[in-house]
Amino acid sequence: MITPTPQTPTQVRYPWKAAARTAIQAFLSFAGLLAVTLPIALPFLAEYLPPSWIGFLVAAGVFVAGLAAVIARIMALPQLQTFLTSIHLGATPKP
1 MITPTPQTPT
11 QVRYPWKAAA
21 RTAIQAFLSF
31 AGLLAVTLPI
41 ALPFLAEYLP
51 PSWIGFLVAA
61 GVFVAGLAAV
71 IARIMALPQL
81 QTFLTSIHLG
91 ATPKP
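Position 13 of the sequence shown, counted from 1, bears residue number 13 in the numbering used here, the numbering being contiguous throughout.
No lab work stands behind these hints, which were simulated from the structure alone. Treat the hints with caution; some may be incorrect.
[Claimed, not checked] Computed beta-carbon distance windows for the label pairs: (1) Pro9 / Pro51: 27 to 37 Å; (2) Leu42 / His88: 36 to 46 Å; (3) Ala35 / Thr8: 30 to 40 Å; (4) Tyr14 / Gly55: 32 to 42 Å; (5) Pro78 / Phe44: 14 to 24 Å; (6) Val36 / Tyr14: 31 to 41 Å; (7) Ala20 / Ala60: 15 to 25 Å; (8) Phe44 / Arg13: 24 to 34 Å; (9) Ile24 / Glu47: 47 to 57 Å; (10) Leu77 / Pro43: 44 to 54 Å; (11) Leu28 / Phe56: 13 to 23 Å.
A virtual CB, placed ideally from N, CA and C, is assigned to each residue, including glycine.
Construct all of the structure, not just a fragment, from the sequences and the given hints.
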């Protein structure tokens with residue numbers, strides 16, 4: 001039986017790609033949430049909030065996506081991957 005040799009996960013080899021994927025995923029998730037909830041909530045919230053609050057929601061979505069990208073980039077650091085692997089959350093299985 002051949003045992004596979006451990007390789008550096010692509011998340012660690014290409015951390016900026018992992019961060020970009022995470023930012024896109026977070027932004028699309030937020031956009032999907034807005035697409036579903038905004039038509040329902042808009043008639044109720046329009047009475048209480050100024051018209052510019054929709055712009056705030058878009059800015060919040062961009063901020064959340066950027067924050068998710070930064071966190072993904074930090075989590076792709078080799079030192080953090082070593083720690084995450086030790087608690088069974090790393091990009092590669094614990095040997």
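Hint check results:
1. Pro9 / Pro51: 27 to 37 Å: Between Pro9 and Pro51, where Cβ atoms are some 46 Å apart, the hint is violated.
2. Leu42 / His88: 36 to 46 Å: holds (43 Å)
3. Ala35 / Thr8: 30 to 40 Å: holds (38 Å)
4. Tyr14 / Gly55: 32 to 42 Å: For Gly55 against Tyr14, whose Cβ atoms are near 34 Å apart, the range 32 to 42 Å holds.
5. Pro78 / Phe44: 14 to 24 Å: violated (49 Å)
6. Val36 / Tyr14: 31 to 41 Å: holds (32 Å)
7. Ala20 / Ala60: 15 to 25 Å: holds (20 Å)
8. Phe44 / Arg13: 24 to 34 Å: Violated - the Cβ-Cβ distance for Phe44 and Arg13, about 48 Å, lies outside 24 to 34 Å.
9. Ile24 / Glu47: 47 to 57 Å: violated (34 Å)
10. Leu77 / Pro43: 44 to 54 Å: Taking Cβ atoms as reference, Leu77 and Pro43 lie about 46 Å apart, which means the hint holds.
11. Leu28 / Phe56: 13 to 23 Å: For Phe56 against Leu28, whose Cβ atoms are near 19 Å apart, the range 13 to 23 Å holds.
Of the numbered hints stated above, those contradicted by the structure are hints 1, 5, 8, 9, listed in ascending order.
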